[in-house]
Amino acid sequence: MRKSKTTTVDSPVSDSANAALRQFSKLYVALASQLPAVQLVLLEGMPPELQLCTILEADPQNDFPEYQRVYHAEAEARHAVPDAPIGFRVINRIKNHSRDFGSGLPQDTQTLFRR
202 MRKSKTTTVD SPVSDSANAA LRQFSKLYVA LASQLPAVQL VLLEGMPPEL QLCTILEADP
262 QNDFPEYQRV YHAEAEARHA VPDAPIGFRV INRIKNHSRD FGSGLPQDTQ TLFRR
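Here the sequence shown is numbered in my numbering, starting from 202 and rising by one per residue.
It should be emphasised that the hints constitute simulated quantities derived from the structure, not laboratory data.
It cannot be assumed that every hint is accurate.
Now the in silico label distances, taken between C-beta atoms and shown as ranges [as the list claims (entries may be wrong)]:
1. ASP216 <-> GLN262: 43 to 53 Å
2. ARG290 <-> PRO237: 32 to 42 Å
3. PRO261 <-> ALA220: 10 to 20 Å
Under the rule of at most 25 Å between Cα atoms (straight-line distance), these lysine to aspartate or glutamate pairs were calculated in the DMTMM-like manner [as the list claims (entries may be wrong)]:
4. LYS296 <-> ASP284
5. LYS296 <-> ASP260
6. LYS296 <-> ASP216
7. LYS296 <-> ASP264
Note that beta-carbon positions come from the ideal geometry of N, C-alpha and C, so glycine has one too.
Using the sequences plus the hints, can you model the full thing?
This is the structure:
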């Protein structure tokens, strides 16, 4: 079995924003990585337009509970670090198979977690 990998965030934003971003990302990845459906967490974009993209794999006919769990993890991280300058989105890889999330990522994308 492959072991999960996590990565730290390196971002050229202000010191306080960078500290909040690191704290938020670390907490969110710790929470999201515990969810079995979460396969990948990416940091996309360049400051000030940073965004976490969470890729999950769930039955498209019954993925609402998985989305809820991911959004709950985001809400918990946002409550702990409300000033983190970052956007957020979730994609079900099974529904959106037009993008290859395993390879060929844009240069401004950093992998924070991969199952």
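Problem - Hint check, failures only - result: Numbers 2, 3, 4 and 6 - these are the hints that the structure violates, sorted from lowest upward.
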